[in-house]
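Engineer: So the protein lines, in turn, are chains Y and Z. Going by UniProt numbering, the first sequence opens with residue 1, and the numbers climb by one from there. Going by UniProt numbering, the second sequence opens with residue 1, and the numbers climb by one from there.
Hints may contain errors.
[Said to hold, decoys possible] Just the calculated beta-carbon pair ranges, DEER-fashion:
(1) Arg83(Y) <-> Gln574(Z): 29 to 37 Å
(2) Gly505(Y) <-> Pro156(Z): 45 to 53 Å
(3) Asn383(Z) <-> Arg79(Y): 47 to 55 Å
Just so you know, these hints were derived from the structure itself, not from any lab. Quick caveat, the model's predicted, so the values are computed rather than measured. Virtual Cβ for every residue (Gly too), placed ideally from N, Cα, C.
Letter by letter, the chains look like this.
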Amino acid sequence: MADSEDAQGNTIVGVDVGGTFTDLVALSPSGLRLAKVPSTIDNQSKGVLSALKAADCDIAALDLIVHGTTTTTNAVLERKLARTGLITTQGFRDILELGRRTRPQAYGMFGEFKPLIPRDLRLEVPERMDCDGNIITPLDNNAVANAARSLLDRGCEAVVVHFLHAYANPTHEQQAVEVIQSLWPNNYITAGHALLSENREYERGVTAAVNASVQPVLSKYVDRLVRALTDKGYTRDLLIMNGNGGMVRAQHVAKEAAKTVMSGPASGVMAAAFTGRMCSEPNLITYDMGGTSTDVALIRDATPSVSNEIEVEYGLPIHVPMVDVRTVGAGGGSIARINSGGLLEVGPESAGASPGPICYGRGGTEPTISDANFLLGRLRPPNFSGTDESKISRNVRGVMTGQLASALNCSAVEAAAAVVRIANAKMAGAIRMVSLSLGADPRDFALFAFGGAGPLHAADLARELDIPRVVIPARPGLTNALGCVVADLRYDFVRTLNIPLSTLGPNQIASVFSAQIEQGKSMVSKETVTLDRIESILSLDMQFTGQTHLLRVPIDNPAITNAELQSLFERIYFERFHVELPNIQATVVNVNCSIVGHRPPLDLSQLLDRKARAVNLREAQTSTRPVFFDTTWIETPVFSRDAMPAHVSFYGPAILEQMDTTIVVPPGDRVTSDKVGNLILHVGGAL
Amino acid sequence: MTLDPITLTVIQAGLQQVCDEMDLAFSRAAFSPVIAEANDRSDGIYAAADGALIAQGSAGLPVFVGTMQYSTRTLIEMIVSGDVAAPSPGDIYIVNDPYLGGTHLMDVRFAKPFYRDGKIFCWLSNTGHWPDTGGAVPGGFSASATAVEQEGLRLPPVKLFKQGLLDKEIFFIIRSNIRVAEQRIGDVQAQAAALLVGETRLAALLDRYGDHSVCDAIDELNQRATQQMQNCLHDIPVGTYVAKAFVDSDGVVNKPLTIELSVVKSGHNLVFDFSGSSPPCLGPMNSVRATTYSAVYLAMRHIFPHVPMNAGAFRPFDITGIENTFLDAQYPRPVSGCAAEVSQRIAEAVFAALVDALPDKVTAAPAGTSGNFALGGFDPDRNRDYVMYQISGGGYGGNADHDGLTNGCSTIGISKAPPIEIMEQAYPVLYHHYALHEGSGGAGKHRGGFGLDYEVELRRGQAKASFVMDHGRFGPQGALGGADGGLNKVTVHRNGMAYTPEHLSKEQDIPLCAGDHVHVQTPGGGGYGSPLDRKPSLVLEDVRLGRYSEQQAKDFFGVVFTGTPPIVDTNATQLLRAKKRAI
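For reference, chain Y alone in the conformation it holds in the complex (with noise of 0.2 Å):
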């Protein structure tokens, strides 16, 4: 299966298009090289080639490259997607408007929603399926070419075909993809069984619309890029992220395109993922927190959660496996301001990347998360000269004075002070509701920082969670490159059953594992990635019956029997909600298998430049300065992470500067680090 010449140790590049920047880590024998370039957000091959040239690769030497990109994370987000038309069951053509009845927030009236394919692109033809995949109405092939013809006619450049129950019998979708096939001008056709058998026609209509709409543009890109780096004498593979954390070939994403739609946050955990492992911390939340938002994520056994139900936005779900990232609001760009009821909020309101905050020096105007951080001495906002710096003080002092601080009644370093309070407790409020939902509970985890400010209030948010260390990587702003380098390619299958555990014949999950598993193994036996290992991951959905919650039963071995099952249930369902049902039937509804082939690990310590690194920590000191914590200025020495010797161990109070974050070490908190250069904050300093 591996290309023997492909062995370890050659040039494996990752790269990973932000909405900012494009980041790029390259690992080969000989050392490391890191690039950060503006992203080319129209054409994102070209921030690619700048970032491939900014890290000084010689392109055709290179042996394998993983890309993430946000090219269908745009297109579905800004609608700027490809033109698609929607063929469907007689009687449905609204499905995809109407939805499940819902508003997009709890209160409040207001609000829209838009389609992603608009009404007089969904045509109807005579067929339909009754729940069991019986036929009541034959499907009408003469039909389906006249709507395919007329979608053409309006200038359609993808197709959905979507018809009820095809989850239970896909019989009637593919008799139709055959007649569009024999007219279509291209492959841009999605059967909405196809992606996902699972019976919720909304959810699985949205997903293939999704998929259909993205897939043109998807496909453009990966072309263009597959072109410019084949220019440049590439000959190896391109492979390409998904929101499941792995890797595809590029020939193949844009055939799933819906997969890649969440893969930019999911880099960044698969790297979480990968470093916790390294270091013995397989037990992990996730906490990027960037200029406008904070993502969060929970790491069990080294293993991201993944979820089948992630919604991208109001009235848009996903229905595939993606790894579990959650958005909980602020970001460093948050603003603060007082309420009517002169209490201090922050956000959610955002001053965005542009104009930004006022120490930024880009013209914002209102105080932000940063201008606070800045105010207290715990950030140095960039490309921050001497000159300036008095002015821009001035200004956000001026500002934290007027819009915060005079209505308080407090000083502007005070207001400072309270802005981070409550951005903190905001955060930890809301870290703690995804590891509930999630049910786990947070003090038994370690809180991996990352993003440009995650690490500046990691330790503060930990001693707010009961959390008792911080890992922060080596290189925090690097995190989703870093994720690509270290991806494992992946397929994830799931097959819906909705059988009572009382009429399951007895060897019906085994066949249906070792279908998914000959699948899965087939399909990565085809790619030249060198693997290590091959495993197979198996679990089940299940519910008691009556219920419509649905619970995940990691399955060690398919030839479990049902009483088996039914016990183990019981004791998984238990040990999440502390309620024993012992009468009630339990109900297979999924049965998901994914397959993935595991890469050899690489050598984290590498992401550290040696002869960077300074003989003992006070060479590493660049300065003192005086910082703000909790309610006195303490005269805090300032440090080059870069220039950090291989082993520490110190005592806060601390900043540590890097390229792209600042690390606040509270007083008491000790810093240690570990073998794959790591550095580890123990809250409350204990070891």
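We have chain Y; now place chain Z onto it with these hints.
Structural biologist: The following block gives chain Z in isolation, referenced to the frame of chain Y:
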């Protein structure tokens, strides 16, 4: 002692977090899909002295805004009077009596005293909608009950848990009087577990900030919420704002019930005067006091969603004139329509009264019905009885910013409608269509959203169909010159004959045989602003998408088209609009 505003904010967030964690624990562990998926539940913290709301979970069902403070207050009064046994640590009272600060019987409340240093510091309470509490109709939504006894088992406050242990005798009494009882123990345990979560988290908050500081913060936060709400009301000019809303009928006597509302702004406060509303009715479309109050609070919260939810936020509201009306029904009036339907008409009256004064904050009337269609029968293939509920949404009102949302959920709910595919798996039915209710959006500069149009066939066996809906007689009200939204229509096709329920939107137990089908069209939202001010290009777009016919566009909006595909005939449109304006 005065608290600094920062600690105040942090304690406020802490109290909110306690409630949110209770909400989460309840939903996650609940058995009933109504609670687990539809979030038909709420959790909160209530004052020890009078049950006043201290904080409430943000994920609770909107109709429960403020209701539990009335049930908790009644419980406290009954403990004082000796009608209910005095509490001990670990006790949990259960109550669903609508007349003792409740809603309909299906909303079952638990209340647990929270102790500090041997004294009750506050109450923790939650409400969960149980799928059944007995009575004549499975599920409890009767369209024709004439006394509360027909609606289900009514529980006064009674200890279901005594010092932490479930009282099995009480539980067995309950279990013997409700349907699908074997699953209820799961909900009971979840509901109690949520209160335990609240207890643990609240104790941690008090340990951290001190009992006195938290007490002070609660008082201060109440005052500040009052101030915030009053600041919001500042935009309403002093004066009297009147509106009416109508319930089609009470389900028994076929004539409309009227809500007469005049909202008086004086000083910083609003008086909601409902005097002149219809007297208590024979059928189940009565409301009880707590639900009426909650409906007003809910409407105001829809208008000002950012004011924190505590008793102080409601202090600027005075609700009067409900005595001897159907908005303050007394025992034994039937009340099963109060939470799902009447509350939404009350909210509609509030919206209609205030939209002129707050044109940027209030929308034209939303569809405002829960759209309950229940089908109960026997499935011969599976050899079992079933009760199916199809709830449905409708259009929202147009507003200052944009057109109304299509197929939004009820004003009082946040629950999703079930997928057709799951309905067809669970019940012997086949949907013929599930579509946009064309033409139903109330015309306006910003039109209302569209309702839903579905038709469903009984595939086998026999069944009975029941409807508890509304707006069959009067569409959701337009605002500022906008037209009303389209009506709710129910048609039952039996033996090839079309039948319209006498009460239009309500009827109980219509017998169906295999092959019969039910056609429901739900209301569209009210229009906002004059339809003659709607851009012709937007009307053209609606026509192009088949939302309105060309004739409707002409009649409703005064826009004339020419050719195929149609384009706007600008001259004819100008002439027609001028003519319509002159009328």
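Engineer: Any of the earlier hints contradicted here, and which numbers?
Structural biologist: Violated hints: none at all, because every hint is consistent with the structure.
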